[in-house]
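Same order as they appear, the protein sequences are chains A and B. Heads up, the first sequence is in the numbering used here, so the first residue is 1 and it goes up one at a time. Heads up, the second sequence is in the numbering used here, so the first residue is 259 and it goes up one at a time.
If you are wondering where the hints come from, they were derived from the structure by calculation, not from laboratory data. Mixed in with the good hints there might be a few duds.
[To be verified] Covered stretches of chain B, as calculated for chain A (at least 3 residues, CB under 8 Å):
| # | stretch |
| --- | --- |
| 1 | 283 to 289 |
| 2 | 296 to 307 |
| 3 | 488 to 497 |
[Unchecked claim] With a straight-line cut-off of 27 Å between C-alpha atoms, the simulated BS3-like cross-links for lysine-lysine are:
| # | chain 1 | residue 1 | chain 2 | residue 2 |
| --- | --- | --- | --- | --- |
| 4 | A | Lys240 | B | Lys296 |
| 5 | A | Lys32 | A | Lys87 |
| 6 | A | Lys118 | B | Lys362 |
| 7 | B | Lys303 | A | Lys169 |
| 8 | B | Lys270 | A | Lys32 |
| 9 | B | Lys303 | A | Lys3 |
| 10 | A | Lys240 | B | Lys303 |
| 11 | B | Lys296 | A | Lys210 |
| 12 | A | Lys169 | B | Lys362 |
| 13 | A | Lys3 | B | Lys270 |
| 14 | B | Lys411 | A | Lys105 |
| 15 | B | Lys362 | B | Lys296 |
| 16 | B | Lys362 | A | Lys206 |
| 17 | A | Lys105 | B | Lys303 |
| 18 | A | Lys32 | B | Lys296 |
Cβ atoms here follow ideal geometry from the backbone N, Cα and C, with glycine treated the same way.
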Amino acid sequence: MNKFIDVNFWIKGNRFHGDKKEIGKLDNLLIKNNIRTVVVTNKLALTYDWNIGNNELLASRELSESSKIYFSFILVPDAYFVADFEKYIKSCIASKVRLARLFPKSHLFYINDYYMQKIFKILSYYKIPIMLDLKQLDITGNKYFAMDELKSILSKNKDLTVILECSLKQLMFNRFFYPLIEEYENLYVEISNLLLINQIEDIVEKFGSKRFVFGTNYPNLEIEFSVGRILMSDMNSTAKEDIAFNNINNILRRIEID
Amino acid sequence: MTEVADYIDDIKKFKVIDVHMHLGVTSNVYYYNYNDEKVINLQKKFNVKKSLCSHCVGFSSLDNQMDEIYKLVDKFGDFICWYLIYDPHYPQKSLDIIDKNKDKINFAGIKIHPVFHETRLDDKAYYPLWEYVIQNDIVVLSHTWSPYTESPKQFLSNPLLVENVLTKFEELKFIVGHGGGKIPFYSEVIELLKRHNNLYVEFAGDTLYPKIFRRVIDEVGSKRVLFGTDMPMIDIRYHLISVFKADLTNEERGNIFYNNAVQLFKFDK
Chain A
1 MNKFIDVNFW IKGNRFHGDK KEIGKLDNLL IKNNIRTVVV TNKLALTYDW NIGNNELLAS
61 RELSESSKIY FSFILVPDAY FVADFEKYIK SCIASKVRLA RLFPKSHLFY INDYYMQKIF
121 KILSYYKIPI MLDLKQLDIT GNKYFAMDEL KSILSKNKDL TVILECSLKQ LMFNRFFYPL
181 IEEYENLYVE ISNLLLINQI EDIVEKFGSK RFVFGTNYPN LEIEFSVGRI LMSDMNSTAK
241 EDIAFNNINN ILRRIEID
Chain B
259 MTEVADYIDD IKKFKVIDVH MHLGVTSNVY YYNYNDEKVI NLQKKFNVKK SLCSHCVGFS
319 SLDNQMDEIY KLVDKFGDFI CWYLIYDPHY PQKSLDIIDK NKDKINFAGI KIHPVFHETR
379 LDDKAYYPLW EYVIQNDIVV LSHTWSPYTE SPKQFLSNPL LVENVLTKFE ELKFIVGHGG
439 GKIPFYSEVI ELLKRHNNLY VEFAGDTLYP KIFRRVIDEV GSKRVLFGTD MPMIDIRYHL
499 ISVFKADLTN EERGNIFYNN AVQLFKFDK
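Generate coordinates for the entire structure from the input sequences, incorporating the hints supplied.
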């Protein structure tokens, strides 16, 4: 039976209030699906304010005390102005933050701007992975997505682990990401939107199982879709374990913790 | 033990008819090592007994459609029942092809795609089709999708347009493909189902929302909900999980997966 680490799990919105009852429900959901660790993002940090949303996560004692929960932070260029960004990141790591997420289109910033470069350097140094929503990379509205920007991040920051996700179905149209996986060793793909027939099995056949990480995109999608998709696959057990648990576990274990 | 693991074995206990799938490719998608067998084998693995299929090439070329279908009729036999495509730009040619071939293949019905053919679902160019299918008691599956900014052309297949069609052609047996697309339109589609008894719905595609099954069944019963996947665009496993994740009885699941399609398409049980 596979165990899972879910790297793409949202809370808040109108769904989560951080009280004991909700934490109990969350715990049941994870147990039911054999999810051992979940990296949670607060939706408020996406839809309202990155800093307020991020801080709200840490303020929940129940979440902080859960051994199953890590946090992901949403960052924007102005995060660099937080007193001392390096100090800020160190305190984030101490508070169980294990992932940074970026939403340039929603938060209207240029993914490769001057401050983002500095942020990437520091994240690289502490080995904190970033997760990028493919649909978010172009802020002009003129491009389907901004491939050059993604390539620039990957090539300029070779020590930065970049996990690609997609809130819409563009990852299904996988003509573009096969060459990216081949070209950039620091690129990983989160699987919750790989909906095409046999898409997961096919990319594992082509590239091996080391470059894919497990995510559910809950509650935008029900947890059972990603869990069931792995369990119902004919991939060998090593590939399943890599995708469900090992790959993201290895990424999280590389993070520099004092 | 994961909950989903509990019902993986149960999934295979149900006979399935997939009323919305395709063979062939689409130009903007890269299918690694695509072949038709891969699609059909995956369906068979999950106890699909019949696949109701339109060939993707038919949206671009009615003639190529028939060439491909005749090759595949030999290969897959009764497992596949074919939708033939009606192209509103070539109404007479479409109907001639349908009329000439429907008794020679395992014919399921007609597929229309208002977005691909850039013709509104309620356009008069479809009238010859509506008249033909009513006369011949044939089922129509239409692509429908909610209009949204990422894909503005979807307004051509807005499920609300179905009302205009069914008001004029009440006897039409019509399947609202993809359930109308996005979740905000589902309530409207349920209202349509309440008003039109010959209307059916399936939820193929990339909107995976298990709760919709309970909602539809509570409002209109379980007899007009069909199981569709949109294979190979969407892996069948997601849609099987969706029906199992929904809060349904096994009888309701059986109706969705199989019984309703048997009834509508007059298949032998």
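Going down the list of hints, with the structure as the test:
1. Given a C-beta distance limit of less than 8 Å, the hint that chain A covers the stretch 283 to 289 of chain B holds, as 4 residues qualify and 3 suffice.
2. Only when three residues or more bring their CB closer than 8 Å to a CB of chain A does the claim for the stretch 296 to 307 of chain B stand; here the count is 3, and the claim holds.
3. Here the stretch 488 to 497 of chain B counts 8 residues with a CB under 8 Å from a CB of chain A, which clears the bar of 3, and the coverage holds.
4. Note on A:Lys240 and B:Lys296: the hinted pairing holds, with a Cα-Cα distance of about 20 Å set against a maximum of 27 Å.
5. At roughly 38 Å between alpha-carbon atoms, A:Lys32 and A:Lys87 are farther apart than 27 Å, so this suggested pair is violated.
6. The suggested pairing of A:Lys118 with B:Lys362 is violated, with an alpha-carbon distance near 67 Å, which exceeds 27 Å.
7. Straight-line distance between C-alpha atoms of B:Lys303 and A:Lys169 comes to about 25 Å, which keeps the hinted pair within the 27 Å bound.
8. Distance restraint check for B:Lys270 and A:Lys32: the Cα-Cα separation of roughly 21 Å lies within the 27 Å cut-off, and the hinted pair is therefore satisfied.
9. Taking the CA atoms of B:Lys303 and A:Lys3, the gap is near 24 Å; set against the 27 Å cutoff, the hint holds.
10. Distance restraint check for A:Lys240 and B:Lys303: the Cα-Cα separation of roughly 19 Å lies within the 27 Å cut-off, and the hinted pair is therefore satisfied.
11. A distance of roughly 24 Å separates the Cα atoms of B:Lys296 and A:Lys210; the hinted pair therefore holds under the 27 Å criterion.
12. Between the alpha carbons of A:Lys169 and B:Lys362 the distance comes to roughly 37 Å, so the proposed pair goes past 27 Å and is violated.
13. Between A:Lys3 and B:Lys270 the CA atoms are separated by roughly 23 Å; this keeps the pair inside 27 Å, and the hint holds.
14. Of the supplied pair hints, the one linking B:Lys411 and A:Lys105 holds, its CA atoms being roughly 23 Å apart against a limit of 27 Å.
15. Distance check on the hinted pair: B:Lys362 and B:Lys296 sit about 25 Å apart at the alpha-carbon level, within 27 Å; holds.
16. Between B:Lys362 and A:Lys206, the direct Cα distance comes to roughly 40 Å. Violation of the 27 Å bound is thereby established for this hinted pair.
17. With a CA separation close to 41 Å, the supplied pair A:Lys105 and B:Lys303 exceeds the 27 Å bound.
18. Under the criterion of a C-alpha separation no larger than 27 Å, the hint pairing A:Lys32 with B:Lys296 is inconsistent with the structure, at around 32 Å.
When held up to the earlier numbered hints, the structure conflicts with 5, 6, 12, 16, 17 and 18 and fits the remainder.
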